[in-house]
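Here is what each chain is made of, one letter per residue.
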Amino acid sequence: MQLDLPILSICIWLPILGGLWVIFAGSKLGEGMVRVQALVISIAVFLISMLLYQDFDPTTAAMQFTERMTWIEAFKVEYHIGADGIALPLILLTTFTTILVIGAGWEVIEDRVNQYMGAFLILEGLMVGVFCALDALLFYVFWEAMLIPMFLIIGIWGGPKRVYATIKFFLYTFLGSVLMLVALLYLYRQTGSFDLAEMQAVALTATEQKYIFIAFLLAFAVKVPMWPVHTWLPDAHVEAPTGGSVVLAAIMLKMGGYGFIRFSLPITPDAAHALDSFMIALSLIAVVYIGFVALVQQDMKKLIAYSSISHMGFVTLGLFMMFQIYANTGNWQDAAMGIEGAMVQMVSHGFISGAMFLCVGVLYDRLHSRQINDYGGVVNYMPKFAAFMLLFSMANAGLPATSGFVGEFIVILSAYKASFWYAFLASTTLILGAAYTLWMYKRVVFGEVRNPKVATLTDINGREALILGTLAVMVLLFGIWPAPLLDMMHVSVEHLVEQVAQSKLSVARL
Amino acid sequence: MNDIALILPEMTLLGFACAVLLLDAFIGKRVPQAAFWCAMIGGLVVLAQLASYVPETAKFGFAGTFRVDVVGTVLKSFMVVLVLVSFFYAREYFAKREMPHGEHYSLALFATLGMMLLVSANSLLTVYLGLELLSLSMYAMVATQRDSVMASEAAMKYFVLGALASGMLLYGMSFLYGVTGTLDLSELLIKVSVAEDKRLLLTFSLVFLLVGISFKLGIVPFHMWVPDVYQGAATPVTQFIGTAPKLAAFGMAMRLLVDGLWGLAEDWQQMLVILAVLSMGVGNILAIAQTNLKRMLAYSTIAHMGYLLLGMLSATASGYAASMFYITVYALMSMGAFGLIILLGSKTSEADELQDLAGLARRSPWFGFIMLILMFSMAGVPPFAGFWAKWFVLKEVVQANYVWLAAVAVMFSLVGAFYYLRIIKLMYFDEPVRNQAVEASQDLKLVLSVNGLAVLALGLAPSALMSVCVSATLPYLPW
Numbered sequence: 134m135q136l137d138l139p140i141l142s143i144c145i146w147l148p149i150l151g152g153l154w155v156i157f158a159g160s161k162l163g164e165g166m167v168r169v170q171a172l173v174i175s176i177a178v179f180l181i182s183m184l185l186y187q188d189f190d191p192t193t194a195a196m197q198f199t200e201r202m203t204w205i206e207a208f209k210v211e212y213h214i215g216a217d218g219i220a221l222p223l224i225l226l227t228t229f230t231t232i233l234v235i236g237a238g239w240e241v242i243e244d245r246v247n248q249y250m251g252a253f254l255i256l257e258g259l260m261v262g263v264f265c266a267l268d269a270l271l272f273y274v275f276w277e278a279m280l281i282p283m284f285l286i287i288g289i290w291g292g293p294k295r296v297y298a299t300i301k302f303f304l305y306t307f308l309g310s311v312l313m314l315v316a317l318l319y320l321y322r323q324t325g326s327f328d329l330a331e332m333q334a335v336a337l338t339a340t341e342q343k344y345i346f347i348a349f350l351l352a353f354a355v356k357v358p359m360w361p362v363h364t365w366l367p368d369a370h371v372e373a374p375t376g377g378s379v380v381l382a383a384i385m386l387k388m389g390g391y392g393f394i395r396f397s398l399p400i401t402p403d404a405a406h407a408l409d410s411f412m413i414a415l416s417l418i419a420v421v422y423i424g425f426v427a428l429v430q431q432d433m434k435k436l437i438a439y440s441s442i443s444h445m446g447f448v449t450l451g452l453f454m455m456f457q458i459y460a461n462t463g464n465w466q467d468a469a470m471g472i473e474g475a476m477v478q479m480v481s482h483g484f485i486s487g488a489m490f491l492c493v494g495v496l497y498d499r500l501h502s503r504q505i506n507d508y509g510g511v512v513n514y515m516p517k518f519a520a521f522m523l524l525f526s527m528a529n530a531g532l533p534a535t536s537g538f539v540g541e542f543i544v545i546l547s548a549y550k551a552s553f554w555y556a557f558l559a560s561t562t563l564i565l566g567a568a569y570t571l572w573m574y575k576r577v578v579f580g581e582v583r584n585p586k587v588a589t590l591t592d593i594n595g596r597e598a599l600i601l602g603t604l605a606v607m608v609l610l611f612g613i614w615p616a617p618l619l620d621m622m623h624v625s626v627e628h629l630v631e632q633v634a635q636s637k638l639s640v641a642r643l
Numbered sequence: 003m004n005d006i007a008l009i010l011p012e013m014t015l016l017g018f019a020c021a022v023l024l025l026d027a028f029i030g031k032r033v034p035q036a037a038f039w040c041a042m043i044g045g046l047v048v049l050a051q052l053a054s055y056v057p058e059t060a061k062f063g064f065a066g067t068f069r070v071d072v073v074g075t076v077l078k079s080f081m082v083v084l085v086l087v088s089f090f091y092a093r094e095y096f097a098k099r100e101m102p103h104g105e106h107y108s109l110a111l112f113a114t115l116g117m118m119l120l121v122s123a124n125s126l127l128t129v130y131l132g133l134e135l136l137s138l139s140m141y142a143m144v145a146t147q148r149d150s151v152m153a154s155e156a157a158m159k160y161f162v163l164g165a166l167a168s169g170m171l172l173y174g175m176s177f178l179y180g181v182t183g184t185l186d187l188s189e190l191l192i193k194v195s196v197a198e199d200k201r202l203l204l205t206f207s208l209v210f211l212l213v214g215i216s217f218k219l220g221i222v223p224f225h226m227w228v229p230d231v232y233q234g235a236a237t238p239v240t241q242f243i244g245t246a247p248k249l250a251a252f253g254m255a256m257r258l259l260v261d262g263l264w265g266l267a268e269d270w271q272q273m274l275v276i277l278a279v280l281s282m283g284v285g286n287i288l289a290i291a292q293t294n295l296k297r298m299l300a301y302s303t304i305a306h307m308g309y310l311l312l313g314m315l316s317a318t319a320s321g322y323a324a325s326m327f328y329i330t331v332y333a334l335m336s337m338g339a340f341g342l343i344i345l346l347g348s349k350t351s352e353a354d355e356l357q358d359l360a361g362l363a364r365r366s367p368w369f370g371f372i373m374l375i376l377m378f379s380m381a382g383v384p385p386f387a388g389f390w391a392k393w394f395v396l397k398e399v400v401q402a403n404y405v406w407l408a409a410v411a412v413m414f415s416l417v418g419a420f421y422y423l424r425i426i427k428l429m430y431f432d433e434p435v436r437n438q439a440v441e442a443s444q445d446l447k448l449v450l451s452v453n454g455l456a457v458l459a460l461g462l463a464p465s466a467l468m469s470v471c472v473s474a475t476l477p478y479l480p481w
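Taken in order, these protein sequences are the chains called A and B.
Heads up: the first sequence begins at 134 in the working numbering, then just goes up one per residue.
Heads up: the second sequence begins at 3 in the working numbering, then just goes up one per residue.
There could be a bad hint or two in this list.
[To be verified] Straight line, CA to CA, 30 Å or less: simulated DSS-like cross-link-like pairs of lysine-lysine: (1) Lys61/B x Lys193/B; (2) Lys427/B x Lys301/A; (3) Lys349/B x Lys159/B; (4) Lys294/A x Lys427/B; (5) Lys517/A x Lys575/A; (6) Lys31/B x Lys427/B; (7) Lys98/B x Lys349/B; (8) Lys447/B x Lys161/A; (9) Lys575/A x Lys586/A; (10) Lys161/A x Lys31/B; (11) Lys447/B x Lys98/B.
No wet-lab data here; the hints were simulated from the structure.
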């Protein structure tokens with residue numbers, strides 16, 4: 134059934150307006166009502182976004198559900214949105230995660246509940262906007278506006294060093310994005326339009342492409358985050374409230390990867406080709422070096438934050454290997470596999486890292502400590518929780534039959550086609566990931582009870598079980614049967630590869 | 003078109019300014035609101051007159067010394083609106099402190115008259131006349147709080163430095179006259195472009211004119227008066243100085259540099275590049291070190307004026323449109339920010355220290371939110387109007403092939419983001435120092451809310467105002 138509703142616009146504006154409503158009507162509604170209404174709004178948005186999935190046509194790479202309106206007449210800025218197989222999974226991930234986040238903050242947040250719930254709803258709308266903007270300026274507006282609610286979430290409900298962490302987060306991201314703005318303005322000068330498709334089609338010289346690529350790189354590398362601009366992430370994660378960490382890890386980091394796919398690769402393919410070794414080197418450093426860094430962390434959130442950086446290294450690795458794979462095999466199909474692996478890894482990391490942060494959140498809500506040493510023997514008091522956490526830890530370590538395995542495996546497989554050493558280095562994550570995750574699990578859940586307070590722990594309640602259970606289902610589902618995800622994006626990824634394969638130099642202006 | 007019809011809004015304003023003065027002198031004691039309402043009515047009448055006559059092409063009067071065109075009329079209307087809005091804030095401020103305030107309105111109206119003359123000037127003499135009327139009124143406004151040491155010091159500094167800048171401007175004008183033999187800007191335009199052999203002298207006089215303009219806008223290195231005056235003056239006076247006169251200074255720059263000295267564009271472009279970079283740098287960096295909110299906003303103004311120059315130096319019609327959009331949006335944001343200080347102030351305290359904002363989001367969630375909009379807007383974060391202002395000037399700079407300058411500008415806006423974020427940190431993350439509720443009259447609350455929401459609305463739908471600016475500067479296209 135094809136409805137003529139502007140579904141994407143609803144997915145953007147319903148949560149934003151709902152969030153504003155919750156914030157400003159909050160004092161009248163009372164806290165309980167605020168929670169219920171926020172949950173209802175987030176579920177409604179998720180259900181509406183499922184209409185996208187239902188109506189999506191995976192056989193075409195064209196943008197679907199497009200809406201186009203003039204925004205600023207004088208300069209051809211448009212409110213132009215749409216989704217393809219690359220954006221859709223991330224949109225669904227966003228609407229799905231928001232429900233969990235609202236659920237996770239249910240009893241835990243007692244201070245300014247209406248603002249907390251409202252901020253997450255507004256954030257949801259803005260994030261969906263980022264994933265479906267087809268006008269570069271619209272994208273930039275969503276991309277930057279998103280910082281505001283996140284800044285407040287970390288700063289208001291965060292831990293003791295929250296102010297430092299949130300200002301660092303904001304300025305780091307701002308640094309990257311403002312240069313992206315200059316690059317977009319330069320592209321506007323060349324094309325006379327902010328339309329993404331025109332920017333992707335415009336011819337650029339090698340030098341121009343390199344500068345633009347670097348400007349984009351700063352914006353997206355900070356978001357992913359890639360080594361060496363990752364230092365904001367552990368701070369932000371540690372200080373953020375659980376919901377903030379979940380959104381950061383599950384969705385915001387994906388925006389960096391999405392930006393590479395949507396902007397860097399198609400707009401500056403030759404620069405991406407020229408600098409691919411550099412990108413691969415950075416990715417491998419993230420995978421291996423940050424893996425070692427994660428090993429020595431004492432703080433659970435920090436450990437998962439570093440493990441996120443390491444896993445996101447796979448995403449950038451998958452994205453930038455395509456040129457070398459093509460050089461070796463002469464087959465763009467093989468090259469597309471790396472990107473598909475990266476996409477799967479993004480979605481799966483969304484579930485797993487979200488789940489891991491929720492697990493830490495469950496413990497933190499009870500003992501108000503994130504230090505691994507404060508725990509031990511948790512399994513004796515929280516058996517159900519221990520079972521869930523085991524599953525997610527295994528997924529984080531990349532165990533087969535979990536979604537963590539699928540993405541990593543595809544990327545490693547295609548890395549092998551690029552170079553044996555890439556595959557070799559990337560594979561170390563299977564060892565390192567298992568080491569740091571399972572070692573943490575062992576110290577927290579098993580062993581002797583080192584802290585008398587652990588004895589006071591109560592097992593997860595129905596709400597927490599529901600949230601973790603949903604995630605567990607997703608992790609297993611995509612681990613065993615990733616086909617729906619792959620089918621959804623396959624044609625779009627192939628289209629992307631075709632676009633990137635087309636050098637812009639041959640048609641460059643004289 | 004006869005001369006009187008052209009200058010009718012100015013004459014009306016003069017009449018009302020005198021009426022306000024007399025009303026206040028004779029019935030000010032018995033009817034304290036008389037001056038305020040008379041000034042409001044005057045402003046509205048002037049606004050109606052401005053709106054009723056927008057010429058297609060420029061019209062000249064008084065032997066070519068006075069000029070009415072679209073840019074001028076649009077700027078004048080914006081200025082009058084800003085002045086009227088500032089009166090609401092001023093009334094609240096003076097009423098809270100039980101201070102007589104009749105002369106504030108009449109001085110402000112005289113200053114407005116000066117501003118209107120300035121943006122209508124088509125002769126160096128008219129420029130000077132308007133500028134001095136504006137400046138002298140503002141010196142007096144700063145000095146009205148004569149028992150305040152800070153205000154007296156500020157007024158003194160403002161006067162001495164202002165007089166110096168006027169002197170510089172006159173000096174430059176005299177050279178210009180010496181070289182070209184005319185004071186008329188339209189004639190200057192032609193004579194300057196053909197006077198190739200006297201280029202050096204012309205550039206020399208241009209430097210002095212730019213000093214005068216930079217002083218009025220508060221651009222580094224002629225910014226020394228800005229922080230002291232902003233901090234020292236009573237908040238509504240600061241608010242007044244920080245809004246409409248900035249538009250007038252922009253208008254003056256347009257008249258002198260574009261209408262008169264277009265022939266020297268290559269020279270002033272280079273000079274503006276240096277001034278812009280200095281302003282953005284010094285303003286943004288020094289703002290970080292401030293603990294007084296008004297002083298911090300003063301440095302932020304200096305930085306903003308640097309961004310304003312970016313549009314002008316691109317020397318295209320849409321570049322001027324960008325600057326015009328920037329200055330209008332800036333005036334709106336600055337109006338709101340100073341308005342919030344007025345809102346928070348009480349009879350005994352000015353509430354202009356950064357600490358006074360601590361925990362505002364708890365004391366008054368709504369006005370915390372309004373200030374959040376204003377601060378993010380000033381930092382240039384979408385979806386607020388300040389972003390579009392920055393975007394517009396940056397776009398023009400990139401179009402004019404100064405990509406490096408755009409990169410420098412965004413880097414300084416990153417520095418700027420820090421101190422705006424600190425305000426938000428104070429309001430949202432810190433606990434209130436004094437946990438008192440925000441008390442103010444309903445109409446002030448309404449004006450401030452509308453002001454803040456306008457910044458948000460302009461951020462979501464900037465198209466209309468942009469179109470106005472673009473069409474107002476359209477006559478500059480043929481250059």
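Is Lys31/B within 30 Å of Lys427/B, Cα to Cα? Measuring from Cα to Cα gives roughly 44 Å; hence the hint is violated.
Proposed proximity, Lys159/B with Lys349/B (alpha carbon, max 30 Å): holds (27 Å)
Between Lys161/A and Lys31/B, does the CA-CA distance stay at or below 30 Å? Answer violated: Lys161/A to Lys31/B is near 45 Å, above 30 Å.
Is Lys427/B close enough to Lys301/A, meaning Cα to Cα at most 30 Å? With Cα atoms ~12 Å apart, Lys427/B and Lys301/A stay inside 30 Å; holds.
Hey, Lys575/A versus Lys586/A, does the alpha-carbon distance stay inside 30 Å? holds (18 Å)
Does Lys61/B pair with Lys193/B here, judged by a C-alpha cut-off of 30 Å? holds (21 Å)
Tell me if the straight-line CA distance from Lys447/B to Lys161/A falls inside 30 Å. Given that 30 Å is the threshold and the Cα spacing comes to 20 Å, the pair holds.
Would you check the hint for Lys517/A and Lys575/A, treating anything up to 30 Å between C-alpha atoms as holding? Holds, at roughly 16 Å.
Need the status of pair Lys294/A, Lys427/B: alpha-carbon distance at most 30 Å? holds (13 Å)
What's the verdict on Lys447/B and Lys98/B, does the C-alpha distance respect the 30 Å limit or exceed it? OK: Lys447/B and Lys98/B at ~14 Å, within 30 Å.
Next pair to validate is Lys98/B with Lys349/B; report whether the Cα-Cα distance is within 30 Å. Given that 30 Å is the threshold and the Cα spacing comes to 6 Å, the pair holds.
Against the hints set out earlier in the document, violations occur for numbers 6 and 10.
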